[in-house]
Every structure is written in structure tokens, then in C-alpha cells.
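Chemist: Those protein sequences? They're chains H and F, same order as listed. Under the UniProt record's numbering, residues 1 to 558 are what the first sequence spells out, in order. Under the UniProt record's numbering, residues 1 to 357 are what the second sequence spells out, in order.
Hints may be right or wrong, so weigh each one.
[As the list claims (entries may be wrong)] Just the calculated beta-carbon pair ranges, DEER-fashion: (1) 276(F) with 504(H): 54 to 60 Å; (2) 250(H) with 275(F): 43 to 49 Å; (3) 276(F) with 250(H): 39 to 45 Å.
[Said to hold, decoys possible] Calculated cross-link-like contacts (lysine-lysine; reagent style PhoX-like; alpha-carbon spacing at most 25 Å): (4) 82(H) with 212(H); (5) 209(H) with 70(F); (6) 103(F) with 212(H); (7) 190(F) with 432(H); (8) 74(H) with 103(F); (9) 70(F) with 201(H); (10) 82(H) with 95(F); (11) 168(F) with 209(H); (12) 212(H) with 95(F); (13) 212(H) with 144(F); (14) 190(F) with 144(F); (15) 270(F) with 209(H); (16) 168(F) with 194(H); (17) 103(F) with 194(H); (18) 144(F) with 131(H).
What the hints contain is simulated information worked out from the structure, not anything from laboratory work. The beta carbon of each residue, even a glycine, is placed where N, CA and C say it ideally should be.
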Amino acid sequence: FRLSSLIGHISTCPSLIGQCCQRHPGSVDEFQEELVIRPLHSGDIYASFQFRTLWDTDFLQEGQKVSHYRLFPKSLGQVLSKFSVRELHISFTQGFWRTMQWGQPFIPSPPGAELWVWFHDTVSDVDGNWKELTNVLSGIFCASLNFIDLTNTVQPSASFKPLGLGNATDHRFLRYATLPREIVCTENLTPWKKLLPCGSKAGLAVLLKSEKLFHSSFHSQAVHIRPVCQDEQCTSKAWELRQTLNVVFDLYTAGQGKKAFRSSIYLNCGKTGELFELSPATPLLSQAVVLGDRRTYSVFDLTRAETFGQLRSLNLLLRWKGDGGEMLRPLLHAERYVAGFGLQTGEIHTVIYNNHPYRAFPVLLMDSVPWYLQLYIHTLTVTSKSRDNKPSYIHYQPAKDRHRPHLLEMLIQLPPHSMTEVTVQFERALLKWTEYTPDPNHGFYVGSSVVSALVPSMVAMSTNFTQDQPLFSSFVPVKEESSYFVRVYTEPLLVNLPTPDFSMPYNVICLTCTVVAVGYGSFYNLLTRTFQVDEPSLPLAKRLANLIRRIRGVPLLT
Amino acid sequence: MDYYNLLTTCAFIHLLVSIPYAYSNYVENKAGQFFSSGHTNNWAVLVCTSRFWFNYRHVANTLSVYRSVKRLGIPDSHIVLMLADDMACNYRNPKPATVFSHKNMELNVYGDDVEVDYRGYEVTVENFLRVLTGRLPPSTPRSKRLLSDDRSNILIYLTGHGGNGFLKFQDSEEISNMELADAFEQMWQKRRYNELLFIIDTCQGASMYERFYSPNLMALASSQVGEDSLSHQPDLAIGVHLMDKYTFYLLEFLEEVHPASQANMNDLFKVCPQSQCVSTPGHRTDLFQRNPGSVLITDFFGSVLLHDMKQLVADVSSQKPKQKDWHPPDGFILGLWTLILLVFFQTYGIKHLKHIF
């Protein structure tokens with residue numbers, strides 16, 4: 001796998017910002033970008049881009065109008081102030097993350113589009129704000145987010161706690177929705193790139209070429225906005241905008257590409273460093289513990305000139321040394337599938353695996369099922385190791401036809417080294433014929449289940465907050481040393497609903513009209529038609545002869 | 001012989017006089033055209049109505065027109081692009097994030113900078129008519145609205161599967177020619193356009209503009225009633241037909257047009273004659289007030305930015321007319337032939353004519 005760079009102008013995005021923008025006294029905007037490349041054991045390459053913009057404005061104060069935007073994109077800033085948003089997380093994903101083959105991602109995301117938002121507690125009409133927010137975001141990201149409405153929005157009570165500052169616990173101000181059918185393509189990448197301070201002209205964003213990015217096994221782009229502390233004592237707060245892009249390139253399709261590197265790149269060397277050979281070698285090595293895994297990373301800091309060498313270019317070459325090494329088995333893994341046959345009933349099975357050899361830990365399972373799959377909650381069973389496992393907390397909100405989906409949240413204790421199965425039966429509803437999509441035989445999607453857990457870590461995590469922390473390890477706040485937070489998404493389901501024959505209205509009209517015309521018409525004619533004898537009209541000569549005969553009193557001609 | 005010399009010198013003097021005359025004419029024509037078109041901004045509504053992978057060519061059609069319109073100057077904020085299905089990132093596409101228009105994958109009309117406003121299930125008859133008439137819910141973002149006024153020239157391009165009097169949307173509903181005509185009348189009454197160019201590339205496309213009755217509408221279609229519009233080339237790697245014939249030749253024609261081009265509508269009517277297209281393209285200009293020969297292609301496909309008048313006149317007057325092909329002034333050829341005939345008859349005389357006839 002070879003990545004070569006463009007020889008030519010070098011300008012990193014942060015330095016470009018320093019040149020063109022005047023630093024306003026008293027407030028400092030910051031921009032940081034990072035690329036992590038991790039070769040996976042299946043032979044794929046996992047590249048994770050993170051771009052972070054810190055905006056030093058305190059929105060939480062009422063009445064303060066912000067009108068000066070430097071690095072933070074104006075479109076998102078206006079959205080935040082107009083809809084009183086405290087946290088916003090939106091992701092667009094194409095493909096499914098294969099946990100067992102690839103390990104845990106830095107930032108997980110479900111297939112399709114996912115949007116969850118925490119509003120301020122000063123908002124009076126959360127549903128109205130949510131509806132308008134989805135419409136505005138659909139215009140910003142060129143996606144059909146306007147299909148998010150009350151029939152696919154839920155308010156999870158425990159699963160999606162805020163990732164930024166604030167200790168809100170009132171889940172009435174949280175909204176979560178997912179669109180599993182949403183397609184991600186260049187038209188979503190283009191506005192995403194435009195949100196970056198330098199666009200796609202400088203910095204790591206130059207590498208983001210759509211033809212390469214979408215020719216991959218997994219592609220996910222996300223925007224996360226949350227308020228953060230700027231230092232350890234939390235004397236000042238700032239808005240943090242993180243734009244992340246995770247791609248998994250298949251070894252055989254990625255090939256060679258001309259790309260340019262800017263800012264810092266972290267390259268995962270693996271535990272022993274013998275899996276592959278890296279050239280050029282760099283003296284900078286850093287160790288970071290992410291997701292319970294202590295790994296060594298080679299760091300290339302592109303803001304320093306010596307990284308580039310004499311030719312002012314950076315060529316990274318990774319040569320595989322053949323198969324070797326043991327991948328760290330992910331401790332938490334989940335699957336979901338539909339069982340049953342026919343178009344009337346079915347069963348949803350969710351299987352959660354705990355691969356820790358001796359520790360048990362609780363997981364929170366959240367399921368959001370559309371109203372047209374009517375769940376029978378009395379058939380809900382949770383079994384671990386073929387024994388019944390009663391969840392300690394269940395939050396269930398039943399669906400209302402055409403108004404609300406089902407929401408099921410359960411806290412399940414997973415025994416060590418076990419497989420837990422959650423099953424629930426459902427019945428498929430008949431939709432009105434206008435509610436079907438133009439291609440109903442494709443099926444209807446059910447969004448992914450979310451499994452959130454604090455997984456016990458084999459390695460001690462660091463809870464220190466430092467400014468120099470790499471971005472990929474600071475996304476999720478670490479509260480304690482012995483466990484780390486993991487969120488696993490299952491596969492979305494594709495379910496066939498009983499579909500009518502849409503040509504039937506036309507057939508019925510044709511048949512009815514034919515029956516009426518032929519059957520009733522003939523019957524009517526038979527009943528109401530009268531017959532009269534019609535005398536044929538004679539030619540002129542015979543008529544004159546008849547006239548003379550009448551005068552003579554002689555019988556007439558016929 | 002001196003008579004001959006006199007005639008040739010007269011011809012050359014005539015030639016010398018006509019060049020500066022044509023030059024000043026050029027300046028006046030340019031300024032005159034600018035003021036006669038009467039529009040101050042351009043909009044485009046480009047719609048692909050077909051779903052499913054085998055209708056790849058309709059998406060490629062729409063994207064080619066999008067590409068030309070962007071290249072000639074209309075910005076994304078003034079283009080409403082509606083694609084009923086995703087072909088570029090479709091799982092069946094062997095080259096993701098690309099949509100090609102040529103067989104050898106020469107031209108990627110999808111590109112790297114594309115903004116699709118309505119996609120997938122959002123492309124419905126209702127949304128299309130709401131975009132045209134402007135009756136959208138208040139929370140609709142700006143990029144999904146057609147914010148035209150009475151000085152806007154709008155280009156509307158539709159492609160998909162159609163029949164006599166209707167156009168099929170996404171295999172589940174259809175729009176009739178009467179509905180379309182009524183929508184344009186609503187637009188006229190609400191003063192939402194100055195002039196409107198309507199192009200349709202479907203089977204029996206001419207039926208869609210039969211019912212128009214609002215002023216300032218010009219329409220082009222790829223085939224007459226009773227004829228099918230045919231697709232152009234299949235690609236063996238991708239496995240589907242890449243473009244329709246009419247739009248393929250339209251794209252070829254538009255690639256030659258640049259923002260300062262003087263090509264007019266008469267050239268557009270000649271695109272894809274029956275020998276190339278197999279179907280007969282049709283057009284309708286009776287509702288249009290200006291003469292099609294004086295309407296520039298860039299009036300609809302390009303963008304007008306009305307800035308300082310003085311700057312414009314200064315630009316035009318500083319330009320030398322770059323006439324690549326020089327044509328002699330009108331009447332010169334006629335005069336030359338008259339001269340030759342006169343000389344011929346003078347030398348040989350009338351009486352010899354009877355030997356010829």
C-alpha cells in the first residue's frame with residue numbers, strides 16, 4: 001500500500017488560517033486535523049480522518065447574538081442558535097462495520113443516516129424545533145432528512161446521554177432518529193467538505209477524493225457538535241465541532257493513489273511492530289490507549305518541516321510481512337436477524353456476545369421498531385446460556401399506528417464468555433395503498449439496534465485531560481480507569497410487507513366498465529326496445545302510379 | 001478591358017467599406033441583445049423521473065445538462081436538481097461515485113462537486129409542482145426552492161419514460177400535459193418567470209408541450225407523438241445504456257458553447273436531426289414573443305450578471321470582433337457573378353447564345 005504525495009506547494013490548513021485570519025483578542029478559535037491509518041487483520045486499511053474546530057463562544061447565555069464567524073461554519077452556527085441545540089450528532093454511513101473482522105471503530109455509526117440531538121431545557125416546543133431542524137439539515141447536507149418525522153423519532157431514556165458538558169437527565173429534550181435507507185454519495189461529501197475552514201483546498205481534506213472514498217467497503221462521514229471545557233478546571237467553555245470520516249479500503253481496490261499529506265498522521269504499528277514494515281521510519285512514537293487497547297503509533301507531524309525531508313514530499317510505504325499476529329478480539333459484539341416465514345408473522349432475534357473470559361458486565365439495548373411491525377411484547381424472551389435472564393431495567397413505549405414507533409430499552413447483565421439472545425414476535429400490518437414506496441417489493445427497513453456498554457478494560461485507561469491528546473482518543477470522555485464506553489450497532493433489517501397489486505384499480509375500472517357496457521347495456525336494450533314494422537319507401541314512378549290508382553279506386557302497388 | 005477593371009475596383013472598394021460597418025454593427029448588436037432579453041437572473045430545474053438501475057441513462061441525461069449549465073455560469077444555488085434514484089453510489093455500479101456519458105468512460109458527468117436537492121423518494125409529482133409554483137411548506141430550505149421572480153429566465157429539463165400526454169414519475173405516478181400547462185400558467189400569473197425554456201427527452205415528448213397556453217414559453221422535445229426516443233450506447237462494463245440519443249447530441253452541442261457564445265435557438269432546433277436521432281425532434285415557439293433566431297443559448301443555459309452598464313459597454317467596445325470564418329459582405333458574390341456574366345456576354349455577344357440553347 002503506497003501513498004505518495006504531490007511535490008509542490010506545502011501549506012497546512014492551520015498555517016493558512018494563521019495567515020488570513022486575524023486573531024480576535026479574547027477569543028481564540030482552534031483547528032486541528034488528524035488522520036489515523038490502521039491496517040486491519042483482514043488485509044483492509046482503516047483510515048479515520050478527524051477535523052476539530054473549537055469555537056470560543058458561550059451560547060448558553062441568552063440574548064447574546066453572534067455575528068462573527070471565523071473558522072466555525074456559519075450555517076451550523078446559525079442552526080445551533082436558532083433551534084437552541086445543545087448537542088448535535090449526525091452521521092451518514094454506507095456499508096456495515098464488521099466488528100468481528102475489523103475490531104472496534106473509533107467512532108461507531110449505523111448504516112444509513114442517524115441523527116440525535118439534545119435541545120436546551122429552555123425550549124418549549126421540542127417537536128416543532130426537531131421538525132424544522134431536520135428540514136434545515138436536509139438542505140445543508142443534500143440528504144432526505146426531511147423524511148424524519150414523528151413516525152420514526154424516539155426519545156431514548158437511557159441510551160444516548162450527552163457526550164459534552166452538562167448533566168441533563170430529562171430525556172424529553174432528546175430526539176433520536178435513523179433512516180436506514182439513506183444513500184451516501186458525493187452530493188453529501190461536497191457540503192461536508194465545505195464546512196471545513198479551508199474547504200478541500202489545504203490540509204488533510206485534499207486527500208478526500210470521492211472516487212477513492214466511495215470505492216470502499218465502509219464509508220462513514222459524521223458531524224458532532226457539543227460544548228466542551230477548554231482546560232482542566234473548566235473555566236471557559238467552547239463549542240467543539242468534530243467532522244469525522246472513517247473509510248475502510250479493500251486492499252485490492254485501493255491500489256495506488258496520489259495524495260498529499262498535511263498536519264499529523266498517526267500510523268498504528270500494532271503491538272509488536274512486526275506485522276509490517278514502515279518506511280520512512282519516524283523517531284516519533286506515541287502510545288495511546290483507545291478502546292481498551294494499548295497500541296503504539298508512529299506519528300508524522302506535518303506542521304514540522306523535517307517530516308518532509310529534502311524532496312518536500314512524504315511517501316508512506318507499508319509492506320506487509322505476511323500473516324501474523326493475533327487481533328484483539330472485540331469484547332462486545334451484536335447481531336440481529338428476522339426469523340419466521342410468510343408475510344403475516346415473524347420474529348426478531350438480537351444476539352449479543354460477551355467475549356470477556358471472566359468478567360460480566362451490563363449492556364443497554366435500545367430497539368426502535370416502526371409501527372407497521374406490531375410487536376407482541378408478551379413474547380419477549382431474554383436467554384443467556386439457555387437460561388432465562390431477566391433485565392433489571394425495561395423501558396417500553398408501545399407504538400401508535402401512523403404516529404409513533406416502538407421503543408424498547410433494556411439493561412441486560414451479560415454473563416462472561418456467553419451469548420445472549422433476545423427474541424420478540426411481531427405481526428406485519430397492512431398499509432394503505434398510498435403509504436407504499438414506489439418500489440415496495442424491495443422491502444421495508446428497520447433501523448439498527450444500539451447496544452451501549454461500559455466494557456471492562458484489560459489495560460488501564462487514562463482519565464487525564466490534556467490538550468495534546470490525539471483526537472481519536474479524546475472523542476468519548478473517559479470517566480474511570482477500568483472501563484471504556486463502547487457502542488455497537490447491529491445490522492438493519494429488511495422486512496417484506498404484504499404488498500398489493502398496484503395495477504388492480506386499473507383492472508377494476510376496465511372490468512367494471514366492460515361489464516356495464518356489455519351486460520347492462522344489452523339487458524336494457526332488450527327490455528326497452530320496441531319493434532315497429534317499417535314500410536319501405538317506393539320509387540317515384542310507383543308512387544305516382546299509386547296516386548293514380550287511389551283516384552281510380554284500384555288496389556295499390558307494394 | 002477597362003470596363004472590367006472598373007468593375008473589379010468597384011467591388012474592392014465595396015469590400016473595404018463593409019468591414020468597419022460590420023464592426024460597429026457588432027457593438028450595437030451586442031448591446032441591443034443585452035437589453036432586449038429582459039432577464040436579470042437564470043434558474044434551472046432539472047428533473048430525472050426514473051428509478052432503478054436500468055434507467056441509468058436518464059440520470060446521466062440530467063447530469064449532463066446540469067454539468068453544462070454549471071459550466072456556463074449558473075450557480076448551484078440557482079439550480080434545483082431532482083434525481084429519482086442514485087446511480088453513482090449504487091451497489092451495481094462498477095465504478096462508484098461516477099456517472100458516465102460516453103462509452104469509453106471519457107466523461108464523468110457526476111464529478112466531484114455536485115449538489116442534488118431532491119433525491120430518491122422525494123422526486124414526486126407533488127414536489128415538482130410545488131417547486132414550480134412556489135407553494136412549499138415554510139420549513140423547506142432555500143436550496144430546495146425555486147426563488148425566481150419576474151425577471152428570471154428558467155430552464156426546465158425533464159427526462160424519463162413518457163407517453164402520449166403524460167410523463168411517468170418513479171414507476172408509480174404520472175404527470176399529464178394539462179397539469180404541466182396549468183402549472184406554467186400559475187407561474188405566469190404569479191410572475192415567476194420572464195421567459196421559460198422547456199426541454200423534454202422522453203418517448204412521444206411533443207405531446208407534453210401541446211397544451212401550453214401561457215406566454216413566453218419555448219419548448220423542445222426529442223420525439224413527436226407516436227415516436228419513441230431511443231437510447232444511444234450501451235457500455236459493456238457497466239451493463240446498461242449510458243445516455244439517450246437526443247441528450248447525447250445536445251451535450252455535444254453544448255460542449256461547444258462557452259459563456260460569450262453567440263449561438264442561438266435556431267442552432268438548438270437543429271440538434272439531432274432524424275438521421276442521427278431516428279426520432280424527429282420537435283419544437284414550439286408560437287407562444288414566445290421574440291424571434292428564436294435572436295435568442296441566445298446562454299440566455300437560458302448561462303447566467304447573466306447585471307453589473308455596471310458602463311463597464312459592460314467599455315468591455316464590448318474594447319473587444320475586437322474575432323471572426324474566425326470571414327464571410328464576404330452580402331451581395332458581393334452576386335455582384336461578382338453579374339460581373340462575370342456581363343463580361344462573358346460582352347466578349348462573345350448575344351448572337352452566339354443560340355449555339356448554346
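Chemist: Does each hint fit the structure? Answer for all of them.
Modeler: Here is how each hint holds up against the structure:
Checking the proposed 54 to 60 Å range against residue 276(F) and residue 504(H) shows it is violated: the Cβ atoms sit about 42 Å from each other. Between residue 250(H) and residue 275(F) the CB atoms are about 47 Å apart, so this pair conforms to the stated range of 43 to 49 Å. Taking 39 to 45 Å as the suggested C-beta distance range, the pair residue 276(F) and residue 250(H) conforms, at roughly 42 Å. About 36 Å separates the Cα atoms of residue 82(H) and residue 212(H), which puts this hinted pair outside 25 Å; it is violated.
Note on residue 209(H) and residue 70(F): the hinted pairing holds, with a Cα-Cα distance of about 20 Å set against a maximum of 25 Å. Of the supplied pair hints, the one linking residue 103(F) and residue 212(H) holds, its CA atoms being roughly 21 Å apart against a limit of 25 Å. Proposed proximity of residue 190(F) and residue 432(H) is contradicted: the alpha carbons are some 36 Å apart, above 25 Å. Distance check on the hinted pair: residue 74(H) and residue 103(F) sit about 42 Å apart at the alpha-carbon level, beyond 25 Å; violated.
In summary, the hint linking residue 70(F) to residue 201(H) is supported, as the alpha carbons are separated by about 20 Å, within the 25 Å threshold. A distance of roughly 41 Å separates the Cα atoms of residue 82(H) and residue 95(F); the hinted pair therefore is violated under the 25 Å criterion. This hinted pair does not check out: residue 168(F) and residue 209(H) have alpha carbons roughly 35 Å apart, beyond 25 Å. For the hint linking residue 212(H) to residue 95(F), the alpha-carbon distance of about 10 Å falls within 25 Å, and the restraint holds.
As the CA atoms of residue 212(H) and residue 144(F) are separated by approximately 29 Å, the hinted pair breaks the 25 Å bound. For the proposed pair residue 190(F) and residue 144(F), the alpha carbon gap of about 19 Å is at most 25 Å, so the pair holds. With a CA separation close to 39 Å, the supplied pair residue 270(F) and residue 209(H) exceeds the 25 Å bound. As the CA atoms of residue 168(F) and residue 194(H) are separated by approximately 35 Å, the hinted pair breaks the 25 Å bound.
Between residue 103(F) and residue 194(H), the direct Cα distance comes to roughly 32 Å. Violation of the 25 Å bound is thereby established for this hinted pair. As the CA atoms of residue 144(F) and residue 131(H) are separated by approximately 16 Å, the hinted pair is consistent with the 25 Å bound.
The structure shown violates the earlier hints numbered 1, 4, 7, 8, 10, 11, 13, 15, 16 and 17.
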